[in-house]
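S.K.: Spelled out, the chains give:
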Amino acid sequence: MLQIKNLKAGIEDNQILKGINLEVKAGEVHAIMGPNGSGKSTLSAVIAGNEDYEVEGGNITFNGEDLLELNPEERAHNGVFLSFQYPVEIPGISVSNFIKTSISEKRKAQGLDPIPTKDLLKMMREKMELLNIKKGYLSRNMNEGFSGGEKKRNEIFQMAMLEPKLAILDETDSGLDIDALRIVANGVNKLKSADNATIVITHYQRLLDYIVPDFVHVLYNGRIIKSGGAELAHKLEEKGYDWITKEADKQ
Amino acid sequence: MIHLGKNTKSTIIAKGISAGKSNGNYRGLVKISKRATNSRNFSQCDSLLMGDKCGSHTFPYIEVKNNSSKVEHEATTSKIGEDQIFYCNQRGIGTEAAIALIVNGYCKDVLNQLPMEFAVEAQKLLEISLEGSVG
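Here the protein sequences line up with chains A and B, keeping their order. Last residue of the first sequence: 251 (the working numbering), numbering continuous. Last residue of the second sequence: 135 (the working numbering), numbering continuous.
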């Protein structure tokens with residue numbers, strides 16, 4: 001589904017990603033871990049198409065298409081979803097209105113008519129139930145005055161509504177208490193299918209207790225320096241990053 | 001806004017949008033006469049800036065002739081951020097549509113007060129006049 005080959009990217013003159021290789025197949029869950037400043041969020045921003053970052057080399061293909069040729073909204077239409085680490089507030093626009101616009105734009109790009117409001121509301125109700133979201137939430141303004149947990153839940157709600165092929169969760173666990181974490185993780189698990197894939201970016205093993213990854217990658221200094229199964233995350237929790245990063249520094 | 005009678009109340013909500021190289025000014029007089037005791041006024045002036053060459057200024061004039069009235073003034077300036085646009089882009093909403101959405105959200109307080117037909121027109125007008133204003 002997603003192939004990243006020797007990806008190099010940075011911001012201004014500062015190279016952050018120094019040759020990333022990653023392959024994600026449908027149905028898989030990949031976790032990307034690593035110390036602060038290793039390039040985790042940069043990687044997600046580059047996949048989503050944030051123009052603040054400049055791609056200096058390598059390529060990304062998504063379902064056979066060159067992702068780097070597409071602008072951010074086209075990537076979204078093709079099924080790339082990024083759950084933001086810091087979701088942005090859009091004052092005056094209700095959650096339902098935002099999601100409606102988002103879905104209509106996607107359908108327009110695919111040459112489909114807008115979804116009937118009745119069907120949309122039904123779908124929203126279903127997904128709200130899935131994520132334990134209370135009534136009244138839909139008419140609140142996008143992320144305005146939301147608590148940290150509500151913002152993250154709102155991201156997952158949008159993910160549920162947009163049904164992406166590839167979901168990237170950028171530190172979705174940060175700022176969540178243990179109950180909210182469980183709800184969000186359950187939501188992600190329920191949305192998982194054989195046709196979609198998930199990349200979980202996190203600092204902590206904690207989230208991976210709930211969303212069990214098929215692969216764990218350690219990102220350090222712009223490179224993936226170690227990959228393994230779910231047991232690698234446990235090992236990291238126990239030993240920290242030092243034992244791997246030291247090895248990488250030697251090389 | 002001129003208050004003559006006692007116990008009178010008023011609210012002013014002004015919303016300005018400055019794009020390109022434009023400058024927006026708000027000048028408003030709130031006058032409370034001597035006999036208009038216990039009167040209240042609340043003024044809110046918001047400005048939205050698009051781009052980095054525009055500006056916005058607020059000059060509230062307040063004249064109060066008695067000491068039992070309350071007059072409040074609040075002003076905010078906000079900018080359509082790259083991060084807001086990217087957020088919308090990521091959700092499949094193109095840049096032009098994202099700007100229209102953000103501007104509509106910003107104007108909602110005012111547009112909501114307009115009669116239905118007029119509000120729709122105003123919304124469309126905004127979309128047209130702001131087309132291409134953020135590069």
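Keep in mind that the hints were calculated from the coordinates and are not lab data. There could be a bad hint or two in this list.
[What the hints assert, rightly or not] Within a straight-line C-alpha distance of at most 35 Å, the following computed DSBU-like cross-link-like pairs (lysine-lysine) qualify:
#: 1; chain 1: A; residue 1: K108; chain 2: B; residue 2: K9
#: 2; chain 1: A; residue 1: K100; chain 2: B; residue 2: K79
#: 3; chain 1: A; residue 1: K151; chain 2: B; residue 2: K15
None of the values given here were measured: they were computed from a predicted structure.
S.K.: Look at each hint and say if it fits the structure.
M.R.: The hints, checked one at a time:
no.	hint	in the structure
1	A:K108 / B:K9	violated, 47 Å
2	A:K100 / B:K79	holds, 24 Å
3	A:K151 / B:K15	holds, 27 Å
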